[in-house]
Amino acid sequence: MSSIAVNSGLNRTATFYHSVVGKKVVMAVSGFVLSGFVLGHMFGNLQLFQGREKLNHYAEMLQSLGGLLWFARFVLLSAAVLHITAAFQLWRLKNEARPQAYVKKAHIATSYAARTMIWSGPIVGAFLVYHILHFTTGQALGDQFIKGDVYHNVIVGFQNPAASFFYIIANILLAIHLYHGVWSMFQSLGVNHPKYTPKLKTLAKVYGWVIGIGNVSMPLAVLVGLVK
Amino acid sequence: MKIILNIWRQQNATSAGRMVRYEVPNANEHMSFLEMLDVLNEELTRKGEDPVTFEHDCREGICGCCGFMIDGVPHGPQRGTTVCQLHMRHFHDGDELWLEPFRAKAFPVIKDLMVDRSAFDRIIASGGFISVNTGSAPDGNALPVIKKCSDMAMDAAACIGCGACVASCPNASASLFVSAKISHLGQLPQGQAERDRRASRMVLKMTDEGFGYCTNTGECEAVCPKGIKIENIARMHRDYIKASATFREETSGGGAG
Numbered sequence: 001m002s003s004i005a006v007n008s009g010l011n012r013t014a015t016f017y018h019s020v021v022g023k024k025v026v027m028a029v030s031g032f033v034l035s036g037f038v039l040g041h042m043f044g045n046l047q048l049f050q051g052r053e054k055l056n057h058y059a060e061m062l063q064s065l066g067g068l069l070w071f072a073r074f075v076l077l078s079a080a081v082l083h084i085t086a087a088f089q090l091w092r093l094k095n096e097a098r099p100q101a102y103v104k105k106a107h108i109a110t111s112y113a114a115r116t117m118i119w120s121g122p123i124v125g126a127f128l129v130y131h132i133l134h135f136t137t138g139q140a141l142g143d144q145f146i147k148g149d150v151y152h153n154v155i156v157g158f159q160n161p162a163a164s165f166f167y168i169i170a171n172i173l174l175a176i177h178l179y180h181g182v183w184s185m186f187q188s189l190g191v192n193h194p195k196y197t198p199k200l201k202t203l204a205k206v207y208g209w210v211i212g213i214g215n216v217s218m219p220l221a222v223l224v225g226l227v228k
Numbered sequence: 001m002k003i004i005l006n007i008w009r010q011q012n013a014t015s016a017g018r019m020v021r022y023e024v025p026n027a028n029e030h031m032s033f034l035e036m037l038d039v040l041n042e043e044l045t046r047k048g049e050d051p052v053t054f055e056h057d058c059r060e061g062i063c064g065c066c067g068f069m070i071d072g073v074p075h076g077p078q079r080g081t082t083v084c085q086l087h088m089r090h091f092h093d094g095d096e097l098w099l100e101p102f103r104a105k106a107f108p109v110i111k112d113l114m115v116d117r118s119a120f121d122r123i124i125a126s127g128g129f130i131s132v133n134t135g136s137a138p139d140g141n142a143l144p145v146i147k148k149c150s151d152m153a154m155d156a157a158a159c160i161g162c163g164a165c166v167a168s169c170p171n172a173s174a175s176l177f178v179s180a181k182i183s184h185l186g187q188l189p190q191g192q193a194e195r196d197r198r199a200s201r202m203v204l205k206m207t208d209e210g211f212g213y214c215t216n217t218g219e220c221e222a223v224c225p226k227g228i229k230i231e232n233i234a235r236m237h238r239d240y241i242k243a244s245a246t247f248r249e250e251t252s253g254g255g256a257g
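Line by line, the protein sequences give chains A and B. Note that the working numbering has the first sequence beginning at 1, numbered continuously upward. Note that the working numbering has the second sequence beginning at 1, numbered continuously upward.
These are calculated hints, taken from the structure and not from any lab test. Be aware that a few hints might be false.
Result set (DSS-like, lysine-lysine): computed pairs, CA atoms no more than 27 Å apart in a straight line [what the hints assert, rightly or not]:
#1 B/K148 to A/K201
#2 B/K47 to B/K2
#3 A/K201 to A/K105
#4 A/K105 to B/K105
#5 B/K226 to B/K111
#6 A/K195 to A/K205
#7 B/K226 to A/K104
#8 B/K111 to A/K104
#9 A/K195 to A/K54
#10 B/K111 to B/K2
#11 A/K94 to B/K111
#12 A/K228 to A/K147
#13 A/K195 to B/K147
#14 B/K148 to B/K242
#15 A/K195 to B/K242
#16 B/K242 to B/K147
#17 A/K94 to B/K105
#18 A/K94 to B/K242
#19 B/K226 to A/K201
#20 A/K94 to A/K104
All chains, full assembly: derive it from the sequences and hints.
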């Protein structure tokens, strides 16, 4: 008889998640899914610049996916829930870990993006809810929402300066969030090598800039009347 | 040279602390920072006041005893240096400095600038060791060690456990310390037998001691007096992920067979 016990799967998962490393792995994996989506979502939406037909056709194609679309929505929602739950628990741990703050504390290596993850995250989260109510379900757009005519909804939505302003701010914050997050998720998953890490950091910067510029360009273009 | 110090004075772990201002008019640039504090303490003792408590031992930068915050940075402004090896020539006449203890729930203040870092010892005891049979010494080079691994293990082994990483971390995480210990043993052939158990137990112990988590800011790496890299933290994450998936805890009683 060997003297080795095998923990049950559930027990193993609970122990893994209990540790600070486990929670960060959950953050990284869910962040990977979400950041991948954000890129695809942006490229899809940039068809706004190719005109009404192109964008509406793209939306129609997505709708025609049926079951696959709902599967994608399920994965994304799960990733978002895990990302937010783990972030909230980690944020509480952080506060518990240093109950008395420093009178004076310097940051000598921490980037602005890394320091503000806890702020950029929830604001982008709140934006996400608004964004879905705005363009997916339409409540935030009210009577002006025409189901199926995505191009119309986007133009009408972004012609409202307050809405556009929120989109621009949220997407700048999202870009800053990715600037740290896209590199950070590799580190959390254990990928760090002197040969690749500098490249991953560059990738994260480029990623942040691309998402930021791409997503801000749409409300901005409508706002200044470039796209009507 | 004259140095103005704002020092955190706290009688014991339970009492509230506060910043107290002192002047050291007779410091000179050849003193180490701790010698400058010795001068202040002699003066305080002469006046019948309570001297400032700070931890120190070798004063050669190798024991890991000393360390406190100078202007919000553990061990002060000089990179790759413990506070005992920091000299006053890096400061200017009339400088005003703020001295505070390392702050973390897992590092309770004992008095003034001295904190209790036994949490580190308990993490080491949970898995930071290898088990070898006692007896005659093994033959030299009987066990081949890859040069690259021995170099990286030695780099990790340079950690003196001072706690500057915890102190500088925005989340009071002990990841750099724990990962240095895991990397030190885990990269050597002697450390393979217990590699999974070590990663698993040390990470869980670190969590239960109340240290925070790593947000990959690199603050620890920047202040580490021994230049430990956050590459080690990634290795710890790898080892922990693998151990979580495959590690089998031994049960008590029962022999192998």
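Verification of the hints:
{"no.": "1", "hint": "B/K148 to A/K201", "in the structure": "25 Å, holds"}
{"no.": "2", "hint": "B/K47 to B/K2", "in the structure": "19 Å, holds"}
{"no.": "3", "hint": "A/K201 to A/K105", "in the structure": "26 Å, holds"}
{"no.": "4", "hint": "A/K105 to B/K105", "in the structure": "17 Å, holds"}
{"no.": "5", "hint": "B/K226 to B/K111", "in the structure": "26 Å, holds"}
{"no.": "6", "hint": "A/K195 to A/K205", "in the structure": "17 Å, holds"}
{"no.": "7", "hint": "B/K226 to A/K104", "in the structure": "24 Å, holds"}
{"no.": "8", "hint": "B/K111 to A/K104", "in the structure": "19 Å, holds"}
{"no.": "9", "hint": "A/K195 to A/K54", "in the structure": "42 Å, violated"}
{"no.": "10", "hint": "B/K111 to B/K2", "in the structure": "26 Å, holds"}
{"no.": "11", "hint": "A/K94 to B/K111", "in the structure": "24 Å, holds"}
{"no.": "12", "hint": "A/K228 to A/K147", "in the structure": "18 Å, holds"}
{"no.": "13", "hint": "A/K195 to B/K147", "in the structure": "19 Å, holds"}
{"no.": "14", "hint": "B/K148 to B/K242", "in the structure": "22 Å, holds"}
{"no.": "15", "hint": "A/K195 to B/K242", "in the structure": "23 Å, holds"}
{"no.": "16", "hint": "B/K242 to B/K147", "in the structure": "24 Å, holds"}
{"no.": "17", "hint": "A/K94 to B/K105", "in the structure": "10 Å, holds"}
{"no.": "18", "hint": "A/K94 to B/K242", "in the structure": "25 Å, holds"}
{"no.": "19", "hint": "B/K226 to A/K201", "in the structure": "24 Å, holds"}
{"no.": "20", "hint": "A/K94 to A/K104", "in the structure": "18 Å, holds"}
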